[in-house]
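> Spelled out, the chains give:
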Amino acid sequence: MTELDIKSLPALSDYGFTGGRDNFRVFCRKVFAAPEPRFLRTAENNLVVFRNADLIRFGTAPEIGNQPIGRMYPARFKQGASPERPPGWEIGEVISSQIFTFNPPLHGPARRMILNWLGPKQVGQMAELARDVARTVIGRIRDGETVDLVETVAEAVVVGFWSRLLYLTDEEAVVIGRCAQDMTRLFRTNRSQEDLQVLDKAFAEYARLLHLASIRGLERSDPAMLEIAARLKEIDIPDDPYEVGLVPKSVGAVLAGNLVDGFHTAALAAANTLYVLLDTPEALAAVRRAPDTLPRAITEALRLEPPVLALNRYALRDFHFDGLVLPAGNKIMMMWAAGNHDPSAFPEPERFDIGRPQPGLTTFGSGVHICPGRHAGVMLTRVMLEEFFAQEVEIGKAGKPAEWIPDHFMNQLSVFPASISRAERGD
Amino acid sequence: MTDTPRLHVTGRDGSTWQIDAYAAGSLLSILRDAGVDEIAALCGGNCSCATCHVYVETAARLPEPGLEEREMLDTLVHQTPLSRLACQVTVGDGAELLRVRIAPEE
Ligand code: HEM
Ligand code: FES
Numbered sequence: 001m002t003e004l005d006i007k008s009l010p011a012l013s014d015y016g017f018t019g020g021r022d023n024f025r026v027f028c029r030k031v032f033a034a035p036e037p038r039f040l041r042t043a044e045n046n047l048v049v050f051r052n053a054d055l056i057r058f059g060t061a062p063e064i065g066n067q068p069i070g071r072m073y074p075a076r077f078k079q080g081a082s083p084e085r086p087p088g089w090e091i092g093e094v095i096s097s098q099i100f101t102f103n104p105p106l107h108g109p110a111r112r113m114i115l116n117w118l119g120p121k122q123v124g125q126m127a128e129l130a131r132d133v134a135r136t137v138i139g140r141i142r143d144g145e146t147v148d149l150v151e152t153v154a155e156a157v158v159v160g161f162w163s164r165l166l167y168l169t170d171e172e173a174v175v176i177g178r179c180a181q182d183m184t185r186l187f188r189t190n191r192s193q194e195d196l197q198v199l200d201k202a203f204a205e206y207a208r209l210l211h212l213a214s215i216r217g218l219e220r221s222d223p224a225m226l227e228i229a230a231r232l233k234e235i236d237i238p239d240d241p242y243e244v245g246l247v248p249k250s251v252g253a254v255l256a257g258n259l260v261d262g263f264h265t266a267a268l269a270a271a272n273t274l275y276v277l278l279d280t281p282e283a284l285a286a287v288r289r290a291p292d293t294l295p296r297a298i299t300e301a302l303r304l305e306p307p308v309l310a311l312n313r314y315a316l317r318d319f320h321f322d323g324l325v326l327p328a329g330n331k332i333m334m335m336w337a338a339g340n341h342d343p344s345a346f347p348e349p350e351r352f353d354i355g356r357p358q359p360g361l362t363t364f365g366s367g368v369h370i371c372p373g374r375h376a377g378v379m380l381t382r383v384m385l386e387e388f389f390a391q392e393v394e395i396g397k398a399g400k401p402a403e404w405i406p407d408h409f410m411n412q413l414s415v416f417p418a419s420i421s422r423a424e425r426g427d
Numbered sequence: 428m429t430d431t432p433r434l435h436v437t438g439r440d441g442s443t444w445q446i447d448a449y450a451a452g453s454l455l456s457i458l459r460d461a462g463v464d465e466i467a468a469l470c471g472g473n474c475s476c477a478t479c480h481v482y483v484e485t486a487a488r489l490p491e492p493g494l495e496e497r498e499m500l501d502t503l504v505h506q507t508p509l510s511r512l513a514c515q516v517t518v519g520d521g522a523e524l525l526r527v528r529i530a531p532e533e
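So the protein sequences, as listed, match chains Y and H. Residue numbering for the first sequence follows my numbering, starting at 1 and increasing by one per position. Residue numbering for the second sequence follows my numbering, starting at 428 and increasing by one per position.
It is worth saying that the hints were derived from the structure and are not from the lab. Note that CB positions come from ideal geometry on N, CA and C, so glycine has one too. Mixed in with the good hints, there may be bad ones.
[To be verified] Incomplete in silico selection of chain Y near chain H, CB under 8 Å:
id : residue
1  : L115
2  : N116
3  : Q122
4  : R178
5  : G367
[Said to hold, decoys possible] Partner residues are not named here, just some residues of chain Y that face chain H (Cβ under 10 Å, in silico):
id : residue
6  : I56
7  : A61
8  : R111
9  : R112
10 : L118
11 : P120
12 : P295
13 : P357
14 : P359
15 : G360
16 : H369
17 : I370
[Claimed, not checked] Within a straight-line C-alpha distance of at most 25 Å, the following computed SDA-like cross-link-like pairs (lysine to any residue) qualify:
id : chain 1 : residue 1 : chain 2 : residue 2
18 : Y       : K331      : H       : G472
19 : Y       : K121      : H       : E532
20 : Y       : K121      : H       : D440
21 : Y       : K233      : H       : T478
22 : Y       : K121      : H       : A467
23 : Y       : K121      : H       : S510
24 : Y       : K233      : H       : E498
25 : Y       : K121      : H       : C474
26 : Y       : K121      : H       : P508
27 : Y       : K121      : H       : A448
28 : Y       : K121      : H       : E491
29 : Y       : K121      : H       : T437
30 : Y       : K121      : H       : G452
31 : Y       : K121      : H       : R528
32 : Y       : K121      : H       : L503
33 : Y       : K121      : H       : T478
34 : Y       : K121      : H       : D447
35 : Y       : K233      : H       : P508
36 : Y       : K121      : Y       : K331
I would like the entire structure built from these sequences, with the hints used as guidance.
Take a look at the structure:
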């Protein structure tokens, strides 16, 4: 067994990747032009996994777990640390209840709280609420208007849905929507002190609102919240920030921790799907004609424009593979989006092809950590599109181009202007 | 007797596979080894994604699903009394006769 020599690997920057969507596309064309290198490294000498087969192999390996909160924010748990809260504290406060920072034995029972709340059947029962929100959001748009589909539609539907589901008032929905926008800074490749300040404020306010939501839900005997509370009570695992994680201290903490992607990333899925369909008019026309093809179209759109470019994992134990060993304690950058653009898994990866075989997608990760919110995210995108069709709203590209956020670990549109025409006014 | 396939699989589009010899293991690995490639199994066989949902139509000799499998099955729109997660079903050394249908995608 040879130890994987990460320092000698080519750097991400050698292949031109500095973050953001446009940059990512160029990176993929370059890196997939040859079967080597198999791996890359970040500027901090962390391993980068980007080929489809490796993403699935590493993703499903029990040795490759989540990055524990104590490794993400080491200063936070140091003995005798100053009681002063350093920048980034409030982010850590929320994230430490996210199952994305948990490993066994906490990961399984905590994850099941979310899976049982947001499984396909449960999410199916939430679709009417989502439709109601989407109907209002899309109904407000006037014939002949030019709108930003990101803010006016995708974010409005997604934030409106969670807010209604979680008993937030309209005013609170506006506030939490702004927090979700601010959370975009979390995924910048180089976060500044100002970013941390904005993020701390956004996370604190967002957590306060979701704590309120949990109290309201429990007071109203909301079955989902009662279930989360009951499951939480049963978890009896000592806190261990350096490997296992910290048991969430309340239902509000569970919601806040695990809905960051609910409020933020799900809106990217909706916007990116619109982007792909507008960019492929024949695909948009085809799904309008045959709405039962919508799920496949969304899957293919999210293959092309996956919301998450990269997220980190962590080697809990030495990982042996192909005569190599990746030692325990290594942080690993998983470029999930690249798995969808690897031509060995998806030939002609930049072409929209609704008929292509879909196994092997890495949009939502792979393995035991595969995104537990994916059914909710996809349902919101589907309902939004169905509502555009139901209201006979035509969306066309506007004069100004869509813009993607550069230097980012998300594949996120900052603005997506579109012109709207509708058959009838939905007053 | 030997002409009776031990495992009869029906895919989503109605295509069929007959498997009369397989090594003991999880139903998921048996199906994969037999070339049934339409099961996404996104979590890699960890009872965490339910994309290996199948209907097992002759289940007499199979152990009952455990709590975690039952909970995952309860999240599925297409759940029926025959529902199982292929990754959680252990099949012996070719002794059982099973009819398996791949469940629709959720
Ligand atoms: C719709 C767009 C979304 C995308 C593209 C997405 C993508 C991802 C990816 C790539 C991972 C990493 C999985 C891995 O390491 O294998 C992940 C994990 C996670 N996602 Fe999502 N996500 C989305 C929406 C959501 C939503 C709506 C929620 C919550 C309601 C959510 C909650 C989570 C959580 C809690 C994890 C950590 C899972 C674990 O470690 O077990 N995500 N997601
Ligand atoms: S493969 Fe994921 S539950 Fe069976």
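> Sort out which numbered hints this structure fails and list those numbers smallest first.
4, 21, 27, 30, 34, 35 and 36
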